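Undergrad: Take these sequences, add in the hints, and give me the full structure.
Protein chains in written order, with this note's numbering: chain D, 1 to 624; chain U, 625 to 1248.
The reader is advised that the hints may include incorrect statements.
[Said to hold, decoys possible] So the derived list for chain D, only partly shown, Cβ under 10 Å to chain U, looks like this:
| hint | residue |
| --- | --- |
| 1 | ARG174 |
| 2 | LEU480 |
| 3 | LEU486 |
| 4 | ARG503 |
| 5 | VAL545 |
| 6 | ARG546 |
| 7 | LEU547 |
| 8 | ARG555 |
| 9 | THR587 |
| 10 | GLU592 |
| 11 | ASN597 |
[What the hints assert, rightly or not] Per label pair, the in silico range of CB-to-CB distance:
| hint | chain 1 | residue 1 | chain 2 | residue 2 | range |
| --- | --- | --- | --- | --- | --- |
| 12 | D | ILE452 | U | VAL941 | 50 to 58 Å |
| 13 | U | THR1109 | D | THR520 | 51 to 59 Å |
| 14 | U | TRP1214 | D | ARG536 | 42 to 50 Å |
| 15 | U | PRO938 | D | GLU530 | 21 to 29 Å |
| 16 | D | ILE452 | U | VAL1210 | 14 to 22 Å |
| 17 | U | THR1109 | D | LEU608 | 33 to 41 Å |
| 18 | U | TRP1214 | D | LEU153 | 51 to 59 Å |
The hints are simulated quantities; they were obtained by calculation from the structure and are not laboratory data.
Given the structure is predicted, the values throughout are model-derived calculations rather than measurements.
Virtual Cβ for every residue (Gly too), placed ideally from N, Cα, C.
Number of protein chains: 2
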Amino acid sequence: MGLNKSGSINRRSRSFSLRRLLLGDPLASAQIIHEKLTKAKALAVFSSDALSSVAYATEEILFVLAASSIYALNLSIPIALAIAVLLLIVGFSYHQTIHAYPEGGGAYIVAKDNLGPVFALVAGASLQIDYTLTVAVSISAGVAAITSWLPFLLPYRAIIAVITVLLITLINLRGVRESASIFSVPTYLFIAGMLSLIGYGLIRWLFVGELPQVHITQPIHADLTVQGITIFFVLRAFSAGCTALTGIEAISDGIPAFRPPAADNAGKTLLTMVAILTIMFLGITLLAHGIGAAPSQSETVLSQIGRALFGRGPLYVAVQIATALILLLAANTAFSDFPRLSFFMARDSYMPRQMGNLGDRLVYSNGIIFLGVLASILIFIFNGETHGLLPLYAVGVFISFTLSQLGMVRRWLRLRLPGWRGHALINAIGGLATLVVFLIIASTRFLSGAWIVVMLIPLFVLVFLRIHLHYQQVATQLSLERYGTLHRMRHPRVIMPIGGVHRGVLKALEFARSLSPDVTAVYVETSEEEGKKVRRKWERWGDGVRLVILPSPYRSIISPLLDFLSQIEAQRQPHDIITVVLPQFVTARWWENLLHNQDAWLIRLALLFRRGYIVIDVPYHLAD
Amino acid sequence: MGLNKSGSINRRSRSFSLRRLLLGDPLASAQIIHEKLTKAKALAVFSSDALSSVAYATEEILFVLAASSIYALNLSIPIALAIAVLLLIVGFSYHQTIHAYPEGGGAYIVAKDNLGPVFALVAGASLQIDYTLTVAVSISAGVAAITSWLPFLLPYRAIIAVITVLLITLINLRGVRESASIFSVPTYLFIAGMLSLIGYGLIRWLFVGELPQVHITQPIHADLTVQGITIFFVLRAFSAGCTALTGIEAISDGIPAFRPPAADNAGKTLLTMVAILTIMFLGITLLAHGIGAAPSQSETVLSQIGRALFGRGPLYVAVQIATALILLLAANTAFSDFPRLSFFMARDSYMPRQMGNLGDRLVYSNGIIFLGVLASILIFIFNGETHGLLPLYAVGVFISFTLSQLGMVRRWLRLRLPGWRGHALINAIGGLATLVVFLIIASTRFLSGAWIVVMLIPLFVLVFLRIHLHYQQVATQLSLERYGTLHRMRHPRVIMPIGGVHRGVLKALEFARSLSPDVTAVYVETSEEEGKKVRRKWERWGDGVRLVILPSPYRSIISPLLDFLSQIEAQRQPHDIITVVLPQFVTARWWENLLHNQDAWLIRLALLFRRGYIVIDVPYHLAD
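TA: Here you go:
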């Protein structure tokens, strides 16, 4: 049986050696408990998405402001402060969610619990789009960090990004604990690098009074015509900066991956993360202002800051590499969360069930692969350009924020737990703030790409509902209620089309007769001469089994046979099943199969959608 | 039963209406006798290949000569005369073949009869390559006739050529008699056009003393460096001109398509054809010389002659169109001969049997489709350029000429029929002449492309022999000699893997029990909880059938099942068959199938090459 552990593993590792090399040995279900993360590792895995957004959020604000005039760039500071306030609001709001949903309180689950299935699906769709964009944006931005340092790689950014997605997919198919071990170091390297940069920059600014100014080689202007500083324009820049908040919800969705007590650990990790994020975002925006950074075709704003403060030396290179690495980690967050969300939705029958299958490395392999493919396609379409992808990004995020927090408000009002008024107020402020921000983003960035997400979300919801309907219908049709007892069928009626009389046919005949005493062989006669030969041979070898010969003046094999079967169909009792036994060669080499006619296959195809038929191939294995 | 003729046709025409529209109604086998050709129609179908070669043979001679110097062009006249002599020799030699093989005496059959199977296969391979090239060359040259007239079409020649091949393929799938009716007119139009052109030209030359000189816009030089007039060089030009002989064998291969007395009619048609061909080839070469024609990138030599003599008026256009049309017909010859040769070779088990199937329009549909595809690929590779294809062309032709005629010599020596000495001499002269020409072509055109054919022929022969071996092995293995009587098998052992307990599974169980009293259901348990549920439900619904539960700590469905089957395999008697019944959903819409796991399909795949298994899908049709 090979069910003892070591025997089974040996057997498998022989047959799947490449797979094992890439993915590691299979893990038993019982090992699942060990795959839990410490706070430090969890910060590495779940915070990287949020923290890494400082690599593009400031730049995106400047990107919008630069379209107006060089003076507009000064607006980046007040805008960043507004975003920092929003960050704190959302952070505290989510802190409450974590404690209310220690099993994992992603927007989908919170909305399902409190707002009903349709809002849950809207949240689910938003999150799925969000996760896919997290991968595409983070990898593109990570590649941009590298191409800022090594500009000769710029033309290859899309292909580099796609290959990177592939590698991350593979790492995730190996399982989450190992990826946490691999990825812990770079997160802390990035945090250390950013804090050093900001600390050094601010101290120098404070003491020297000014910062070295950066020289930009290829400054860009956005695709809009130059315009005055209007409210709409400021809001657009604000929307662009809101990409800093992406990923802040990751922890609340991944609580079960924390070591117990999971909720406490997750809550603390969340607040730590928000603090670090706020400091880094404000610091970088300040420094960008200080050195006179401007968005450029070939160099990120972060690279400009590093270059202005550290020169092109090893410190600068270290910052660029750390930035690229944390962006890889950010993409990795999505590879934890997307499959987990898909698992929840598949459990509720809104996504294909296969999304809920744990692979043999205890990860949801199908979700991981699906995400990898989707993100690669997105990168390919947008040619690995961050500015193209970012307008799509924050829309879905803020929909899920809003639904999650309004769902929490509803929950407090419903359960009225101790202190519910204060809790409800915090979530209400969070929910209203993110709702307003969503409306701002959707309206000011609509034409830049937000429309795509606004259109996709209802489409996704429809697909989810359709899948749900299918599973419901199947469940009804398969239900055993009112089934009664098992119907005792009499012997099946067996029809066996033959193309001649030889060993293969006689083997099939032997099998057919073991199934039922009611066997009829059928031969389609395309030439009278051949027909006579078959009849003669059947008399000698057919052992008394009935043979029907169907003339075929037009030399078709299939149509006379189907006509004959229709005739039998007309005679049968309801519930009777017609069993068609097809003698079939299995050649020793695949190409040899091309040397034989494919009639058996055509017959099977023709009967595929006819009810009341069962088609049995009886293979005759030809020797080498 | 729908076996009465009209009923059957109605039934079919409903289901295959597009097919019927393109191909016509099916023809009954009994109608085959009517599909025979008169001499006049046969000339149209079978001579077009040979006659149309005047459209490129002269040009190809000039193409080679032009590489040397403008004076070398004068050599075209003696070279053409040598080729004319060769033409007459080969013509008389084949005339004897026709009378000796009234059933159709293609090189394959003559070689098989007299030289043995290996030479026959060499001839067969040569002919198949030759026919494929006939299509590619003729269509390319036909398109060149059109682009000479309408130069703006030049960039699209490859795509025009491929579409044309497609159309000819369709016409041939309709059947040969109708294509003869369609194509009779243009052959005679071409002959009339050419003879008028030549007659008018020669008379004018005779009386006026000189011809108008043509002005060439884009004369070309071949890809060789300019060289002196050496023997090798003259022989190369001669080889190029030998493409005039291509197609001369078509009649001997197609005698059964003639009205009786077939051999007489075919022989007369052959001699008529050789006479017309010789006159046209010599005439065109003379006129080309007279008007100072030279090969050009954008205009054929024939077009230059027409333009010089007729101007750009309607007569010129008529000649160009007639040329294009007869080249279409030439391609069509191959569509008669290639499938017929494939039929002969399939009958001898050297090609896949399907090549021998008469389609419902009484043509060998598979051969026709195969040729159409091959020729399209060739045209695509050579971008529809005649000069690229021609060096490959004559090699195979002359191999088949040689084998056919040497085979005839062997036949005369063997049978010693009245007058055998004279007959043998004629064939010997023919055979030796074509052997020498083959050697000249292969050596002087080797690097220009002849090497491809020289390499392909042995490869083809190996494939034919391998196919033959396979069919022989199959015949031995299927032979009923020493089979004894039918083995009476006891009830099969039925194993039914289940994924749960529901209506679909119970339906399959009902069927399984109708096959055998020995049924075992198998459930692979990936979670203990689910396992318990299945066990409980089975107790209620399983009607006493044994249920085996296989634990799967690594969550794989397939491996524990295969291990279990191996265990059963080890216990069984020799000749016992393990029957695996797989309950399977058939969803109402194809995409719904994606929502269910594909385990049944994976199990079937895993058992595909294991002997002693029969796998039965029991469909459960889900309602809409």
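Undergrad: Each of the hints needs a verdict: does it hold here or not?
TA: Evaluation of the provided hints:
This hint is violated: D/ARG174 has a C-beta 15 Å from the nearest C-beta of chain U, more than the 10 Å allowed. A hinted interface residue such as D/LEU480 counts as satisfied when its beta carbon comes closer than 10 Å to some beta carbon of chain U; here the least separation is about 6 Å, so the hint holds. For D/LEU486, the interface hint holds, since its Cβ comes within 10 Å of a Cβ in chain U; the closest pair sits about 4 Å apart. Annotation: interface hint on D/ARG503 holds; nearest CB of chain U at approximately 5 Å, less than 10 Å.
The interface hint given for D/VAL545 is met, as the beta carbon of that residue sits about 9 Å from the closest beta carbon of chain U, less than 10 Å. This hint is violated: D/ARG546 has a C-beta 14 Å from the nearest C-beta of chain U, more than the 10 Å allowed. For D/LEU547, the interface hint is violated, the least distance from its beta-carbon to any beta-carbon of chain U being 14 Å, above 10 Å. Taken as an interface hint, D/ARG555 checks out: its beta carbon lies about 6 Å from the nearest beta carbon of chain U, inside 10 Å.
Using the Cβ-Cβ criterion of 10 Å, the hint placing D/THR587 at the interface with chain U is satisfied: the shortest such distance is roughly 8 Å. Checking D/GLU592 against chain U by beta carbon gives a least distance of about 5 Å; that is within 10 Å, so the hint holds. Taking 10 Å as the C-beta contact cut-off toward chain U, the hint placing D/ASN597 at the interface holds, the least distance being around 6 Å. Between D/ILE452 and U/VAL941, the C-beta spacing of about 55 Å keeps the proposed range 50 to 58 Å intact.
Between U/THR1109 and D/THR520 the beta carbon distance is about 20 Å. The supplied range of 51 to 59 Å is therefore violated. At about 45 Å, the beta-carbon gap between U/TRP1214 and D/ARG536 stays in the expected band of 42 to 50 Å. For the hinted restraint 21 to 29 Å between U/PRO938 and D/GLU530, the CB-CB distance of approximately 56 Å leaves it violated. A beta carbon spacing of about 36 Å between D/ILE452 and U/VAL1210 contradicts the range 14 to 22 Å that was offered as a hint.
A C-beta distance of roughly 36 Å is found between U/THR1109 and D/LEU608, which places it inside the suggested range of 33 to 41 Å. For U/TRP1214 and D/LEU153, the hinted distance range of 51 to 59 Å is not satisfied, since their beta carbons lie about 43 Å from each other.
The structure is inconsistent with the numbered hints 1, 6, 7, 13, 15, 16 and 18, although it conforms to all the rest.
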